[in-house]
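K.L.:
So the chains spell out like this:
2 protein chains.
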Amino acid sequence: MNEQLLTFLIPIAGALALAYAFVRAQWVGKQDVGTERMAEIANDIAEGAQAFLRREYRVLSVFVVAVAALLAFANMGRADSSPLIALSFIVGAFCSALAGFIGMRVATKANVRTTNAARTGLGQALNVAFAGGLVMGLSVVGLGILGLGVLFIVYQGMFLDASTTATLAESIGTVINVLAGFSLGASSIALFARVGGGIYTKAADVGADLAGKVYEGIPEDDPRNPATIADNVGDNVGDVAGMGADLFESYVGSIIGTMVLGAAFIPTLAAEGGMPLGAVLLPLVLAGVGIVVSIIGSFFVKVKEGGNPQRGLNIGEFGAAAIMAVLSFFIISFMLPAQFSAETPIVGAFDYTSLKVFFAVVIGLAAGTAIGLITEYYTATHTKPVTGIARQSITGSATNIISGLGVGMYSTGGPTLVLVLAIIGSYSFAGLYGIAIAALGMLSVTGIQLAVDAYGPISDNAGGIAEMAELPPEVRERTDTLDAVGNTTAAIGKGFAIGSAALTALALFAAFMQQAGIEAINVANPIILSGVLLGAMLPFVFSAMAMNAVGRAAGDMIKEVGRQFAEIPGLREGTAKADHKRCVDISTAAAIREMVLPGLLAVTVPVIIGFIDKNMLGGLLVGVTVSGVLMAIFQSNAGGAWDNAKKRIEGGVTFDGVTYGKGTDVHKAAVVGDTVGDPLKDTSGPSLNILVKLIAVVALVIAPLIA
Amino acid sequence: MNEQLLTFLIPIAGALALAYAFVRAQWVGKQDVGTERMAEIANDIAEGAQAFLRREYRVLSVFVVAVAALLAFANMGRADSSPLIALSFIVGAFCSALAGFIGMRVATKANVRTTNAARTGLGQALNVAFAGGLVMGLSVVGLGILGLGVLFIVYQGMFLDASTTATLAESIGTVINVLAGFSLGASSIALFARVGGGIYTKAADVGADLAGKVYEGIPEDDPRNPATIADNVGDNVGDVAGMGADLFESYVGSIIGTMVLGAAFIPTLAAEGGMPLGAVLLPLVLAGVGIVVSIIGSFFVKVKEGGNPQRGLNIGEFGAAAIMAVLSFFIISFMLPAQFSAETPIVGAFDYTSLKVFFAVVIGLAAGTAIGLITEYYTATHTKPVTGIARQSITGSATNIISGLGVGMYSTGGPTLVLVLAIIGSYSFAGLYGIAIAALGMLSVTGIQLAVDAYGPISDNAGGIAEMAELPPEVRERTDTLDAVGNTTAAIGKGFAIGSAALTALALFAAFMQQAGIEAINVANPIILSGVLLGAMLPFVFSAMAMNAVGRAAGDMIKEVGRQFAEIPGLREGTAKADHKRCVDISTAAAIREMVLPGLLAVTVPVIIGFIDKNMLGGLLVGVTVSGVLMAIFQSNAGGAWDNAKKRIEGGVTFDGVTYGKGTDVHKAAVVGDTVGDPLKDTSGPSLNILVKLIAVVALVIAPLIA
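Read top to bottom, the protein sequences are chains F and Z.
Convert by adding 196 to the 1-based position in the first sequence; the result is the number in my numbering.
Convert by adding 196 to the 1-based position in the second sequence; the result is the number in my numbering.
There could be a bad hint or two in this list.
One copy or two, either will do: identical chains are not told apart, so a pair holds if it fits within one copy or between any two.
[As the list claims (entries may be wrong)] Below are the DSBU-like pairs computed for lysine-lysine, each with C-alpha atoms no more than 35 angstroms apart in a straight line:
| id | residue 1 | residue 2 |
| --- | --- | --- |
| 1 | Lys-858 | Lys-500 |
| 2 | Lys-773 | Lys-858 |
| 3 | Lys-226 | Lys-755 |
| 4 | Lys-858 | Lys-498 |
| 5 | Lys-580 | Lys-498 |
| 6 | Lys-755 | Lys-843 |
| 7 | Lys-226 | Lys-864 |
| 8 | Lys-580 | Lys-755 |
| 9 | Lys-226 | Lys-773 |
| 10 | Lys-755 | Lys-864 |
The hints are simulated quantities; they were obtained by calculation from the structure and are not laboratory data.
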């Protein structure tokens, strides 16, 4: 099998993913939606979600056109790039948006069908919810690989000059420079989607919760509460579409980062007589094979009536990861020489073996799993830290908050140590390429990981619909079971997301240095150190913007709920219908308005600093990566721990012989923690994962311009 | 005037400070303590504070002996150092502890005498409170300069070899290496004092507050509440002794850092024919003159009856800073040649002028003031951010917390930009020496700054005593006025503390590189980058430890209060006396127990990493500095903003036509924020300032060993 053939197989893997996603989506669509009331609610949610995405994409299209024009202009007449980078950018942005759209679309179909299936049993409900998640997961990886694969073929056809090894290396460099626009498109849409979706969902959630508190006689999750539909829409646009865009950009970023670093091996590999592009194509091939493995893994996700759905999810996800690990050994052995010595920028002379590259992949998988398990320890319902928060709730919300902040900050320790070991380990095995390939290892089975992730919010939404449609309690119990069992697997997925974000950012950082012709970034230079300081500050300010936006939007929502109860006669008594649409509009408008500033900040700061001093930009990347990863872990885990401390108390918890449960003062104190944690874990925290990569991608894209 | 004479004048300035401090302390002691009840309360507080310091110092003496032995052993038989570094370490630790002890001692005398003076008027109360603060401030700078000055003379006598310029430079290098132990001693005691004092004060404060909430019928700040004495002790050991140790180490650290960097100029300055040690002695001379200026400034702190005490404090502090700026121009012109070119390690060839060195001092002063003003904007009672937090309290404690976290994170932006400008500005004027001298500029009038800082808690304590002694309300009003007007000046002081911590850490970082023979720290190397990541993680874990410690200790306190009310008949009715001593013991034991682990973490981690890889230690320093400075700003400002949002509501605030005040639900929500902010702003936040410098000093001290 030669390189050419491999190159053509890659987009085919992407197409396969999309085809299978289409089949599963059709299947989901054929399921019964249940009662009329259920259909009506589901329709409201789906309409709200689509309305939001439409308005979001309309705003973003202006941004995309503007940036595309800038990119085309800046890369005009350059030998090492081309104005076509604007095309890559547009395609990347489009694929990212499309992945979010498809995922959200199927999720809003799957939710009500999951509810309906849960009326008869657990097994079929799992099938529907997981199928919804799988469509999302496969769309993300499918569009990523298809887009990258096709553009790579097109650009190869235009720029490739294989006459000598030197021209080959140079022209592949150009191809990848132009291709990097795809990653930029994906990342910038992802950031806006994550921030916008995160603000939407938490404005609605916090607003709906607090409205119940501020205005007497409006229970928090009552169907009469006008904000409930917005709350459910939020789950879809935030947790589903936002997460899809997030992983799409991680996936694409890690592939591009690895390709850039792999391009440095072309002369060596050509001289060895193997595939000259082996190291460049390896990430694409691993990703393509990962798609097939994800589809295979999805067949194992099943549950018998009365069985534990956790088992099926675990077998599916861990099985896929294990198969992938084994296969990657053969793929790497096939594509890279058993042994080769290469001198690359930054790393210098280094002895590589295909076995050691494989070890880097294994390190990535092991590190992702380890971070996931640590995450679970700090956030799962029955662990020591979460129980500690529950206990501290006895003395009120202040101690609940203090101990939650403590748990979140403390929880940065373990993942940091794992990351450090993974970085040093994969680097000592295979240099910077090793770090990049470790990130890719974590992300190779994104298809099924994302399916498991997205399955959670779908089940959650299904429960909400059951409540609003006033179905019998056993339906809600079943959807709750589905939702709960996904948590462990989702925590592991979060570990992979954080770990891969850190390693991908490092890979992109190295790729940036290589493309910008920077040999070393000496932090003893105060200008570079200032860059580090500035970069480290960005996640703080960015988080603050996101949090303040949630606060403001939630305030608007609370006022609107109050207005409706005051002005709509009969609403309080349940005889009149609430105006859900207005609440949906408020969340939508707020999310769109508030996502712009942080998004622009992320895109413009690296450009400005880069044109001031490219080394300072290097410092900025280091600062934003380090501080962003830590703040993301802190915020996500604090939020998760507060959430589950509340759930722990709701399940009834006994301290010193006294049992506390739902409705007690202790529970009320824990609800405060949960509400504080909401924007941390669902708005600012996850956005930071994207922020660090987006800034690195911006740097990579402008690298040739400031070299 | 020659170098020799100058060298002898330096410790004399220190002795002068101590002598004047002694005079003022005597004066404070001669004031009347008031009623018998007041004397009794004051005595309880003073005893509790002394008991704590005694126990703390007993534990720390073990640590000091152990580290001294290690230092002596590690530096045995080295040409560039000497086991005498252990002596420096012990003297530094002793001076730091003594400064804390003197400050605490006089503060516990001044508090009740301020209360008594406030019974007749504002003017004399200000005099007493400020005199107490001044004793503290002058003890800190006096002991610092006396200790450093005498040791410098002793070590010069032992090691100096002025036979050639080369031997002079080398032998001064040895002198400074040995002297660096003084800074290590100061910093490690400071960290323990800050952490221990911070845990003590907040355990007592949070415990006393919450006990009132958990057990019905115990008002929060009632004299019957057994935790009130511990609360007042806490103000003294945390805010006074802790802050004294903090600024002592900043002060010493910035002097040592500047001396190390100044030593690199010896060959150049000798060749120019000026003072060869001009750049080494400059920080000592500036500090010595700063003492005299601080004493002069203190004469301007006065208030007429009915006048605004803020005016006196401002004239004193800003006047001193202005005089210092002018004098430093002449000092620098006198000690450094008008123009000289030198090639130093890291910076390389660079053209210096005495004028540009002076500009660096001015930049330091300007940056400190700017950060202070920004700090005030984010935390003062009537500003937009604080009003915003007050408004968000309408919808409950959750939104109060979210918006406080937002304000804290957002507030990192401005100070970071100022720091970046200060770093780049002072570096471009005078290289790394410029950064160090900018830090020194901020700290040169520490004497009076600290007086103003310490005056706050003394006034606060005076108010507490007025309450407990059940004096007429106008007494409390006067002490409150005193306390309130110190806030702006204290905010400026905080700006100087944060700014100088960052710049001092950078100076120490540069000094470490110079002594360890590191030319560049390339963060593109993943091992160094791992160091950055590890370092950035430390402030998170360290903060978590401090916060969790406060939570645990507060829990113990709450239980003890409950026990006393259950077991002491008549306590609730006010007929029996509470057992204050037990509460004091609980806070003491908890603080001592909980300070050990974070303290050891700070001291051992850099040693371990340093012996693994000195470059990785360089990365660690960058990470801990950047993340520590940001986390410190975030935590201090969030805590300050919550505190004042609560005070804003207590003063009555109107939103949308509704006025909210003390006792409303809105106020209760704001109290939660205040309580959450307590450990952030008074325990973990300020400890981080020390952490970053301590780790840098540890690195500097082990630098010759790992070079």
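K.L.:
Each hint: holds or not?
P.N.:
Now the hints, each set against the structure:
1. Lys-858 to Lys-500: within (32 angstroms within a copy, 59 angstroms between copies)
2. Lys-773 to Lys-858: Within one copy only: 29 angstroms inside, 39 angstroms across.
3. Lys-226 to Lys-755: neither (40 angstroms within a copy, 61 angstroms between copies)
4. Lys-858 to Lys-498: Answer is within: at 33 angstroms inside a copy they meet the 35 angstroms cutoff, but 58 angstroms across does not.
5. Lys-580 to Lys-498: within (31 angstroms within a copy, 55 angstroms between copies)
6. Lys-755 to Lys-843: The answer is both: 28 angstroms in one copy and 26 angstroms across copies each meet 35 angstroms.
7. Lys-226 to Lys-864: Classified as neither; 42 angstroms inside a copy, 53 angstroms across copies.
8. Lys-580 to Lys-755: between (39 angstroms within a copy, 21 angstroms between copies)
9. Lys-226 to Lys-773: Within one copy only: 30 angstroms inside a chain, 77 angstroms across chains, cut-off 35 angstroms.
10. Lys-755 to Lys-864: So Lys-755 and Lys-864 pass the 35 angstroms test inside a copy (22 angstroms) and across (21 angstroms) alike.
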